[in-house]
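If you're matching them up, the sequences are chains H and B in order.
The working numbering puts the first residue of the first sequence at 1, with every later residue one more than the last.
The working numbering puts the first residue of the second sequence at 1001, with every later residue one more than the last.
All the given hints hold, so there is nothing to weed out.
DSSO-like cross-link-like pairs, simulated, lysine-lysine; straight-line CA separation at most 27 Å:
id : chain 1 : residue 1 : chain 2 : residue 2
1  : H       : K44       : B       : K1297
2  : B       : K1093     : B       : K1377
3  : H       : K44       : B       : K1287
4  : B       : K1290     : H       : K44
5  : B       : K1126     : B       : K1096
6  : H       : K44       : B       : K1477
7  : H       : K44       : B       : K1508
8  : B       : K1332     : B       : K1434
9  : B       : K1475     : H       : K44
Just so you know, these hints were derived from the structure itself, not from any lab.
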Amino acid sequence: MSERIYIYKRYERFWHWSQALLIIVMMITGFEVHGSYALIGFQKAVQLHSLAAWTLLTLWAFTIFWQFTTGEWRQYLPSLKNVGAMIKYYTVGIFTNAPHPFHKTVVQKHNPLQRLAYLALLAFISPLIWGSGIFYLFYGDWARLGIDQNLSLETVAILHTLGAYMITAFFFIHVYLTTTGHTVFAHIKAMITGWEEVEEHR
Amino acid sequence: MMKHVRRLIGMAMLGVALLAQAADSPAPPPAPGKIATATSTTDHSKLEALKGPFKTGPEVTKACLSCHNTAGHQVMKSIHWTWEATSPTTGKKLGKKFAANNFCGSPLSNETRCTSCHAGYGWTDKNYDFTNQENVDCLACHDTTGTYKKFGPDGGHPLYADREFEPMEGPPGKKLFKAPDLTKIAQHVGQPGRANCGACHFNGGGGDAVKHGDLDSSLKNPSRELDVHMAKDGANLVCSDCHTFNAHQPSGSRYAATSKDKHGFDLPKDDHNRATCESCHGFVPHKQGKINNHTGKVACQTCHIPEFARGGIATKMLWDWSTAGKMGPDGKPLFVKDEHGHLKYSATKGDFKYGENVRPEYKWYNGVVHQVTITDKIDDSKILELNRVEGSASDPNARIWPFKVMRGKQPYDTENKTLVVNHVFGDDDTALWKNYDYAKSIKAGMDYAGLPYSGKFGFIETQMNWFITHMVAPKEKAVPCQECHTRATDGRLSAITDIYLPGRDSNKLVDIFGGLAIVGAIGGGLLHGIVRILSRREENAK
Chain H
1 MSERIYIYKR YERFWHWSQA LLIIVMMITG FEVHGSYALI GFQKAVQLHS LAAWTLLTLW
61 AFTIFWQFTT GEWRQYLPSL KNVGAMIKYY TVGIFTNAPH PFHKTVVQKH NPLQRLAYLA
121 LLAFISPLIW GSGIFYLFYG DWARLGIDQN LSLETVAILH TLGAYMITAF FFIHVYLTTT
181 GHTVFAHIKA MITGWEEVEE HR
Chain B
1001 MMKHVRRLIG MAMLGVALLA QAADSPAPPP APGKIATATS TTDHSKLEAL KGPFKTGPEV
1061 TKACLSCHNT AGHQVMKSIH WTWEATSPTT GKKLGKKFAA NNFCGSPLSN ETRCTSCHAG
1121 YGWTDKNYDF TNQENVDCLA CHDTTGTYKK FGPDGGHPLY ADREFEPMEG PPGKKLFKAP
1181 DLTKIAQHVG QPGRANCGAC HFNGGGGDAV KHGDLDSSLK NPSRELDVHM AKDGANLVCS
1241 DCHTFNAHQP SGSRYAATSK DKHGFDLPKD DHNRATCESC HGFVPHKQGK INNHTGKVAC
1301 QTCHIPEFAR GGIATKMLWD WSTAGKMGPD GKPLFVKDEH GHLKYSATKG DFKYGENVRP
1361 EYKWYNGVVH QVTITDKIDD SKILELNRVE GSASDPNARI WPFKVMRGKQ PYDTENKTLV
1421 VNHVFGDDDT ALWKNYDYAK SIKAGMDYAG LPYSGKFGFI ETQMNWFITH MVAPKEKAVP
1481 CQECHTRATD GRLSAITDIY LPGRDSNKLV DIFGGLAIVG AIGGGLLHGI VRILSRREEN
1541 AK
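Could you build all of it, start to finish, from the sequences and the hints given here?
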């Protein structure tokens, strides 16, 4: 038996998809700024990249507020419990039609591996990208802030690029893992409608 | 710092953060409007002193000085008269008399010809009286009729009677040259226009467009495309609007071009030197903060003058003196033109190469030019840079500037290791352009200048940097970002290697690691997915 639960609330879905769009825009423009290819021209790429960055920062400000007022931030608390079972599922179980070891509920919508992954994203990749990105954006003010002698554009740019490679790798893994629901598009459908079909919890 | 951080957070919270960048840069100043034609309070044609008739230049000058009684002494202090300048940065004595170049060489011993661009009359040898104010040429700069012309080989004088004359490199045969009407010209004097300055500065190096690359006769009446400042439908500026004259002293010099104007707008507080972009455009002329950020390290000219020699007149890019002196099959001096009608070989001057719409070369420049003079000891083991410009990425006064790099080969003293004075012009038995014999012409030039000469000469390869600062294109024609921010090996700043340039530079290790991570992510997903599909099929088949 399965039942439908309302797992992703309206703001959460709005946040997820607008963030997805902004990150895709930043990946495409960012690697043009990096010189990997020429698509829309360097100037437009820089402008669009900066615009998307400021928009995402704004979105995050609202989202952090939302996380704390709704208590949803607890979804990101890591736990090592059942991590082994998750790894076993992705490496063996998924190929033998074994049942998913984790049961989504409204209060626990991330499996233990997801929690760890999001924590790594928040604790490591995010600060790396945002930290270097903010310094990059305000390059013109370094002299005024008195930091131009102890900071080099090269260091900032390389750290930013390193972060960009990591988030891009994360992006592809993330997209692939959405196909591992009980049908290929089940997870994506849930992120659009908010409703997820789950095995009835006994 | 705190204020900054607070503002940053505040903006983000408000969702208007986009404005943060723009907020730092005030709107650019309005484009300069049409400059009203100067309306003098004196109609010179009505003045008793200018009734004339005038037979010679000095007679006109005398008349001018009868009212403008300090003008002569002002001019006599200026570089236009003395042809001497002291570098404010290196203290070295420069000016045409001393500084070496790889065009015509030294005016010494060639005065009669070279001084057709001297702001005076009668400088035909080294005994010229620089203290006689009646020898100042007022008309060269102040003629408004466009008919005044100093005659090439007459020591700074115009023609006083019509003359038949055969130009050295022109088509064979004599041509009639008309003498200008000095009386009429004297009665129609006024502020200098582009053509007055251009008579010399467009023709430096012996002909139109030869020397500078960004100064030629196309600027007399340029299109907006060619020069947004001097075009009639642009700002319609004349040279002296920027090259401010203070008591007949011009501002803006290639011996010490201002690398970074720290004064900014010249009004309301004027530094009496408007020969910088910042004088009129200030420090933050762009709407986009990111572009204003460039101005600390990149000169305005670097982006705003995409190419020089854009007016349809080619500039000389190479001058090889070593090949001069060849005679044609008829035994007469050889002159060869290329398919565009440019002289590519001249028996008097050697081989030339020309360029039109030339992309400048880019170098750091901090305000200090190391100009070689004709008496300096030189290193002949490598190409001699006649005016090295100083600067690097770490130098706070340095910015990346555009240059026309003139290449050449010119005579030097192989024993004493100095450049030489070459006596090229004159109706005598030593001048190069008459006798085609370097041994004689160099000896004569060095003897005349009173400089030591071993008697042995050779030719040395030289390079010279010419600041590109005119022919400013309209803003929509500025160099696009990706012409510098590119990995292409022919990127505009490929010679500037001591900075990290986004879009060009990267860290190899990070790129390899990142590339592997992305390939791993995609490949891992694909592999996992394929195994899933295959194993599911097996399951279904059971």
